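What follows is each chain in one-letter form.
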Amino acid sequence: MSAATEDILEHLAAISFVAGRDARAALPAVASLGAAAAVRYLETGRDLFFYDREAGKGFFHATADLVKAFGGLDPWLEQARVFLTQRGTFRAAVGFFEQAGAVRRGWGVEGEALWFALGAAWIDRHVDSAASYFRVPTAVLFGDAGIEGLRALLAPADALVRSRLGLGTYLEGAIKVRAICGLDGVAEWTQRGVDVLAAGRARGEAWFRLESDEARGFLLEVVPGFHPGIHKRFFGLLLQAWTGLQPPLEEGDWSQEGGRGFLETDGRSLFVPAVMPDREEALLAFYHTGAHLAFDSYEQGAIRLLFAEIGMEHPPLDAEQRITWRPLFARFGEDLIRFQLIFDLCEDLRVDAALEREMPGYLARVLRASRQRTPPEGAAGYYYRRAMTMLEDGMAGRLPEDLAALTTAPAGIVDAFRAALTWYATTDLPPVSLSERARAYLPGHSPNAARPVYPRRKRASDTPEMDSGDAPGSTGREEKLREAPQRAEGNDPDTDIPPENIQGAGGRVGVGMPVAAKVTGRRRGVEGPPGGWPYREWDYRHQRYKENWARVHERPLREHDAARATTIAVAYDGTLRRLKRALQAQKPTRMSPRRRQYEGEAPDLEAVVQFVVERRAGRSPKADIYRQRRPQHRDTSVLLLADLSTSIMAEAGDSGVRVVDRLRVAMLLFGEALGEVGDAFALYGFASKYHDEVVLYPIKRFADKFDARVRALLGGLSGRLATRMGAAIRHSTWRLSESPGQRRLLLILSDGRPADYDDGGDVRYLQEDTRMAVKEAQDLGVHAFCVSLDPRGGEYLPRVFGPGHYLVLPHLDSLPARLPEIYLRLRGHSV
Amino acid sequence: MSEMKMAESNGLRLLFEEPFYQPVANEVGVFMAAWSRRLPVMLKGPTGCGKTRFLEHMAWRLKRPLVTVACHEDLTSSDLVGRFLIEGDETVWQDGPLTKAVREGAICYLDEIVEARTDTTVIIHPLTDHRRHLPIEKLGVEITAHPGFMLVISYNPGYQTVLKDLKPSTKQRFVGMNFSYPSADVETRIVVKEAGLDEKRAQALVVAAGKARNLKDQGLQEVTSTRALIYAGSLMAAGLDALEACTAAIIHPQTDDPELTEALLEIFRTFFPEQP
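Going line by line, the protein sequences match chains A and B. With our numbering, letter number 189 in the first sequence gets 324, and the count goes up by one each step, no holes. With our numbering, letter number 210 in the second sequence gets 228, and the count goes up by one each step, no holes.
The following block holds chain A by itself, in its conformation from the complex:
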């Protein structure tokens, strides 16, 4: 060792023990390069350490790797001096030293030079940006596009300097955008982003973080690939067909690690990414994730066993009653991701094999899709290829014994976990970093423990079959309880009554005439007997009626909005005209000749022949030998009863569209169509708050005209309170019985199951009462039919209304056009 090097080392040690020790430790790596080189190296190190302690430490720590990667000191030693030009560069420096070796190995001299130059240029402009740049994992930064790709990625960033947008913010978004729609997309996205940024700082930043709707909207426009969001119904139908489950589909994260969109689940809902590479991958993802739900990856008993397996108590559920996975993996420390991936390999194998039994050819499809993609480089590639091999072996029956056991029907997630533990103990799979993880998954597959989950109940059947959840009482699906209506908004101004239970103990229960508690002075427009019309209610728990339990009041709606009614009429002009045309086209049949009349325009030939024949036979037949062309008197009357509870104010399906928006349109079109048909009809809304405040809102009575007043009321419809359906049905039945028609139809329009504030959370109570109300209506000659917007309607509607007496329209947008059509079909008149 030369005297010069010894001097510098002593100097360093004198200033800082750590510096001396680190420098001395790093020195052997450069010793072979000669004394002059060692001096040059140490001088740079000393300068850096004196300038910034952390930068110096990073320098010394990375030396061995850097010398090895570069085969010497050039050019990195010179490059390192750039961090001496500005204060506060240590974070950038540490990032540089940590990653430069990998860049040199991965992208060569040229790549490293560019990577350095692009970052160094930012040191003068904005130190934090440089730090963000050097700290982005280079595998992510370069992506698949190589050196030129990096240049192109950074090129638009120069334009942002003037707008004072940090490079970190830009890169975070740009990398995702590049992964989603390529470099051209990045250029366009930045260009528009600059304009957005000029219009407002917050808006601009949200754009670059991909947090705003406008950024998402933009990407959806330009993004190549498949957008599952607009095909939600299609995927929902497929899930239902294959699994019998109808999980809600919600918007997922815009883009996952490395820009790959994953379909995820929390055991209850599916989170649909905005973009997936193609339709096939989206399909595989829905099938695979659906299979996780159907084959109990998130079943509560199994999860409990998982924790027992590692000798842990089942962790307490979080505030939302979900299980977090972290404790399960905690003991693997830094190697957590490797274990998670192995566990996912095992569990996915189990679930895929189970799915293959239901859906022959599924494994082959996954393999085909996997082969079409180039396997990722680096550690992730090992997992990707291993997953493919496992599928191939699984199909060929070559799996090792412990894995083969996972492909049999009785295997559960606990078996997969055990297999993963065994495998992990002897694995040859390399450790993998979080940034690489996303690439390790085959198409359609994703991290299984990505989100905390709502534990699911077990399927009843022992033989796993996907749609066995359909059997009554054995539903594998979770109830998403209808939220209790809010008290704050939309409350009926006429009521303010304290809550009461229906348990039949205490209170006013059973003490003669119930009287509404505090309805004072504000009974404007209130009709009927004081305290409302009393109706009985069925209590299934005691198998008897509670007499005079529900109180129904009729009150006029106060809100009206003629302007909105007009807007709707304009917006739906096309639909309405089509509907009317269809009805008019049917008029000839409606004007169909009435046979065997005593008078009319033309003879009814058949009747005439009959008449003559019978006369000849010596009988005296009736002279009903004419036919009349007259609108056929169908004699049907219909009462449309719309659920106006709070839930209709919620958005449903596509974002931004509330149930009430479509409800208004549907009722308006219904009214117009009925006017055209000429049937007697009435429109009522209903809501409730406790059993003695069931309110029916007459919008149009049978005797009323469908005029501007009615249209304005429909335009102003809004939601309030809860849904006590039984009482509303009983009252409507009574109203219908006063109507002129002979055939009477009660058409109920609802968006959820019956519920009220005082049902004590017993879902069944009001359902059973509704069922009885429907039965009573039937006995009185009133046919009840329910059109429901609740996608889970199939679970309870058959029991409440009877098979064939309901229709689920999970597709909200179709309601306006379908409602009149449904009615016409019911009355035996096709459109």
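Quick caveat, the hints were computed from the structure, so don't treat them as lab data.
In silico DSBU-like pairs for lysine-lysine, Cα to Cα no more than 30 Å straight-line:
| # | chain 1 | residue 1 | chain 2 | residue 2 |
| --- | --- | --- | --- | --- |
| 1 | A | Lys910 | B | Lys234 |
| 2 | A | Lys593 | B | Lys234 |
| 3 | B | Lys234 | B | Lys218 |
None of these values were measured; they are calculated from a predicted model.
Following the hints, put chain B in place on chain A, whose structure we already have.
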């Protein structure tokens, strides 16, 4: 499907060759018991699940002629009972199908009875109880049913008929038999036999239909019927590409909704991948 040989005797159909019917449960036993006591029978079930075929099979088994009347909105009682016609200078009474069956001792099958006008259902009342009489008002007579006469009605409780339900008083006069789509094994056997399709494809067809039937609440008025499966199987057996056959025989007749169509197509595509 095999041509069924039949004889026309006095305008009544007598089946010579056994119509294929695959029993699902004890429906044959129930029907035989009802027959032995001459009780009228009501067949309930969705479209295309084998109600008519079952009855043809039973008629063959009992060696009774079968008179089938497809009921419609304008069907009047004289369409069922009979009317006077002129022949030359004479008036001649002609029996309607019901009267013919009552006289000759046939099984009279009123298909989709709810479609007929309510007055027609009234005339069958006296035939359904111990009296077994058919009053013919125009002739001023009441004829007693032949011992071999049996009345069978069918009734499809679909949503189109909410307003056209049978009156309870009518329903209660019948022995009710519920039909639904058979289990996968049985349905496969039916498709193999009826469509002449190989077992492998028939099985795939049936499993796929099982999945498609899960969509019953999603805007489909009727789910995939066994009949539709037989049609699809027949088209395949005739050499049509499997997916095309399913599209033509199952999907298109069932729905016009584009998303439902696509979902159904995807289900069948899984079992019958398109040939590259």
